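*Asks:* Below, each chain spelled out in residue letters.
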Amino acid sequence: MSRSLRWGIGLLLVAGLLLGAFLVLPFRSWLPGGTVANIATKEVVNGTLFNRLFPKPQAGEQLVFTQEKRGFSQARLKQGAEVRALLSISDVASAPASRNKFIHTEERLQSWPLVDQGSQASALLVADRFQVKVIGQGSGLDVQQRHELLGAFDLQALAALSPAAAQAPAIPSGREALPPGKGSPLRLPFPGLKRPAPQAQPAQVRAAQPANRPSFFPNRANAALEPAA
Amino acid sequence: MSATVLERLERLPRRNLTVLALRGISTLVPGGWQNQTSPDELISDVLGSDDPELVQQVRERADVLSRARHEGYRRALSLYDAVNRSQKAAGGLRVLANVAGALPLVKRLAALTPASQTLQAVDLSLKVAAEMLAFTQVNGLPGDSFAAFGDSLREYSGEARVRMAALVCFDALLPLGDNALHRLDGLLGQVGSRELHQLPSYAGMASLLPGRGDAAHLSFVRRGVDQWIGWADGFAADLGLSGQRAVRALETTIGPWHGGMEQLATFLDAFTDTYSHTGVQAVARRLVERAAAEI
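Respectively, the protein sequence lines represent chains A and B.
Using the working numbering, the first residue of the first sequence is number 1234, and each one after it goes up by one.
Using the working numbering, the first residue of the second sequence is number 7, and each one after it goes up by one.
Read the hints as simulated data drawn from the structure, not as lab findings.
Given the structure is predicted, the values throughout are model-derived calculations rather than measurements.
Keep in mind that a hint or two might mislead.
As the list claims (entries may be wrong) - For each label pair, taking beta carbons as the anchor points, the in silico distance ranges come out as: (1) A:E1340 <-> B:G156: 36 to 44 Å; (2) A:D1387 <-> B:E165: 21 to 29 Å; (3) B:L26 <-> A:D1387: 19 to 27 Å; (4) A:G1253 <-> B:A153: 44 to 52 Å; (5) B:R200 <-> A:V1247: 34 to 42 Å; (6) B:W263 <-> A:D1387: 51 to 59 Å; (7) B:T259 <-> A:L1252: 46 to 54 Å; (8) A:Q1295 <-> B:S8: 34 to 42 Å; (9) B:A153 <-> A:A1273: 55 to 63 Å; (10) B:S84 <-> A:G1253: 17 to 25 Å; (11) A:D1361 <-> B:A212: 39 to 47 Å; (12) A:S1235 <-> B:P19: 54 to 62 Å; (13) A:L1251 <-> B:S8: 19 to 27 Å; (14) A:D1375 <-> B:G195: 53 to 61 Å.
Said to hold, decoys possible - Facing chain A, according to a computed beta carbon distance under 7 Å, are these residues of chain B, among others: (15) D51; (16) G54; (17) D57; (18) L60; (19) Q62; (20) A74; (21) H76; (22) S158; (23) A299; (24) E300.
C-beta atoms are modelled at their ideal positions from N, C-alpha and C, and glycine is treated no differently.
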């Protein structure tokens, strides 16, 4: 085997290893497929914010939180040992198709569109962004009870969580949509070029966000200190 | 691409030694156990409706959710798989040692295999740690306070009562004796990193355990096990679980057993995968509950 061939094979191996390392090791979280429907987690409202909007359990009932993820929070309404219903709030940003069922409905609950799915599930779309759902479990709930439960959520506070309420631009509809300002390819300081005036909107949004999203720990600490209502 | 959670559920065995062992142990647990292996049945059970269109929507959503790496559903399954592989490997070694012990020429090999109680204790506590990690992978940190989080954990383990009963019986009471839960902490105190590294499941879990280095991992595992023992002790007392009762319950389904309890535990370790079987079912249920809420 000639000397140059050996060098070639060696270099090829090194390049292959580097490429493999780049694709597999520390950059995996950058690759597509990491999040639901490839929507950046930042664009989805955190489930922690939903927890305090759930209905307060009545006497003899207990609310047990079962899942909390980005854009989703779920609790079980229990009476004694029996599970009566699954209550949940989800952000439809990662499930745009779930909005479609609300298009043709005439029913309204506190002015938000309401849909019944099958015999045990009722869903409400709040602020065109959050889906609130009650699914009857075990012996089941009738339509009236489910709608009452839906109404018992703090829907006003939920609507206020929506970025649209914070006067932000509408939800980006696909993964290609970039926040304004980041989409422009080049911003070189050529003297001849006149720069467009910086847009006021995104700055506002960014400033509004911290107030809207309390950080993880203070939120939890406060909740732990407050007496359970 | 590997299988989604619901595909894994569909592939679970309907009738084999694992199912029989679980069915046997479920006679000790009120409420019993159903070997749920059909995604469609699970979905219509959660949804309270068997409208095929809705079931199909939930199924598609569940597949999207389980393909997303950040959501952790499949990571929970890979944790269960790592633990299961390790259990089978260790069980197989011990079966081999039992067989080899009877043959004069290879008798000395038997002395080499690690069948000690410490190792069994580590195996159990890694399973408990895997359980807690899988819980956070699947459910996040539900609730706004520690009390709410505790409620959520209790709810989860209450839902999987047969799973927990199997864990307590097969991995604690049978191999370690009836006072296993009280001895566990003492046994874990003797564990060093050498024992830890003898278990293949540790290698699979090390990157997911909080902290850096064996000592930090071990202390996390011990703290987790402390919490779990408090719960498991009450659970075992409530159901009146003991090694003898577990053996009798198993005999109703897998037939008479003439060996000792420790051999039964070894046999179950080597030839059943109760831990990952019930694990897939538990994760699938939580996944479907979420998908049903999101469609």
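*Asks:* What hint numbers does the structure not satisfy?
*Replies:* Checked against the structure, the hints that fail are numbers 3, 9, 15, 19, while the rest are satisfied.
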